[in-house]
Amino acid sequence: RKEVEQDPGPFNVPEGATVAFNCTYSNSASQSFFWYRQDCRKEPKLLMSVYSSGNEDGRFTAQLNRASQYISLLIRDSKLSDSATYLCVASNYGQNFVFGPGTRLSVLP
Amino acid sequence: SQTIHQWPATLVQPVGSPLSLECTVEGTSNPNLYWYRQAAGRGLQLLFYSVGIGQISSEVPQNLSASRPQDRQFILSSKKLLLSDSGFYLCAWALLSSYNEQFFGPGTRLTVL
Chain A
1041 RKEVEQDPGP FNVPEGATVA FNCTYSNSAS QSFFWYRQDC RKEPKLLMSV YSSGNEDGRF
1101 TAQLNRASQY ISLLIRDSKL SDSATYLCVA SNYGQNFVFG PGTRLSVLP
Chain B
418 SQTIHQWPAT LVQPVGSPLS LECTVEGTSN PNLYWYRQAA GRGLQLLFYS VGIGQISSEV
478 PQNLSASRPQ DRQFILSSKK LLLSDSGFYL CAWALLSSYN EQFFGPGTRL TVL
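So the sequences go chain by chain: A and B. This note's numbering puts the first residue of the first sequence at 1041, with every later residue one more than the last. This note's numbering puts the first residue of the second sequence at 418, with every later residue one more than the last.
In case anyone wonders, no lab produced these hints; they're calculated from the structure. Hints should not be assumed to be uniformly reliable.
[As the list claims (entries may be wrong)] Cross-link-like lysine-lysine pairs, in silico, DSS-like; alpha carbons within 30 Å at most: (1) A:Lys1119 <-> A:Lys1085; (2) A:Lys1085 <-> A:Lys1042; (3) B:Lys496 <-> A:Lys1082; (4) B:Lys497 <-> A:Lys1082; (5) A:Lys1119 <-> A:Lys1082; (6) A:Lys1042 <-> A:Lys1082.
As the structure is a prediction and not an experimental result, all values here were calculated from the model.
Hey, can you work out the whole structure from these sequences and the hints?
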């Protein structure tokens, strides 16, 4: 079983739609969680750190459920520019960053 | 502000040739440094990480090696490249803080022929 698993995707949604990505992690020692976005042939860029109480940044909302070892990312009012691959990450004090395989999102006009 | 540089941006090398990729970080001290590889259409694979000068941890046994000769310099090397070494090599840095987010360099796209 992979340490971090994500929805396989791809997700094809129309502009303005709400889309949710799910991620599960297997290492219960994981302490920090992140969402990154990666555009085609580019480096991953940090989208959000995921705080234990959940957090929101504009159209993006991240949730963490430690009991279920589950992380989610919700994107509201999708824009064309949101098209990318979204990577879920679980970390244990910065010495063990484990990336999920990513979920590709295409926002269609 | 912190910046991270990688070079070269792209590289085409024959099988059996040596490799040296360099990564430098500016604007921070004593960062954790990481090398990842991403094969085409695949996820990120952690290759090495370093918590200080001369301290390297290897995650995957392979024909690659890493060195950290200075605080903000991280080098990925190989004596003889294999076809399977082709991929997108990414360097990242993080501060050992309560959240320690990682920040990536622009990457080196390596093709081994």
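Hint check:
1. A:Lys1119 <-> A:Lys1085: holds (17 Å)
2. A:Lys1085 <-> A:Lys1042: holds (22 Å)
3. B:Lys496 <-> A:Lys1082: holds (27 Å)
4. B:Lys497 <-> A:Lys1082: Distance ~26 Å between Lys497 of chain B and Lys1082 of chain A Cα, so the pair holds.
5. A:Lys1119 <-> A:Lys1082: Holds. Lys1119 of chain A to Lys1082 of chain A sits at ~19 Å (cutoff 30 Å).
6. A:Lys1042 <-> A:Lys1082: Roughly 24 Å separates the two Cα atoms, so the pair holds.
When each numbered hint is compared with the structure, no violation occurs for any of them.
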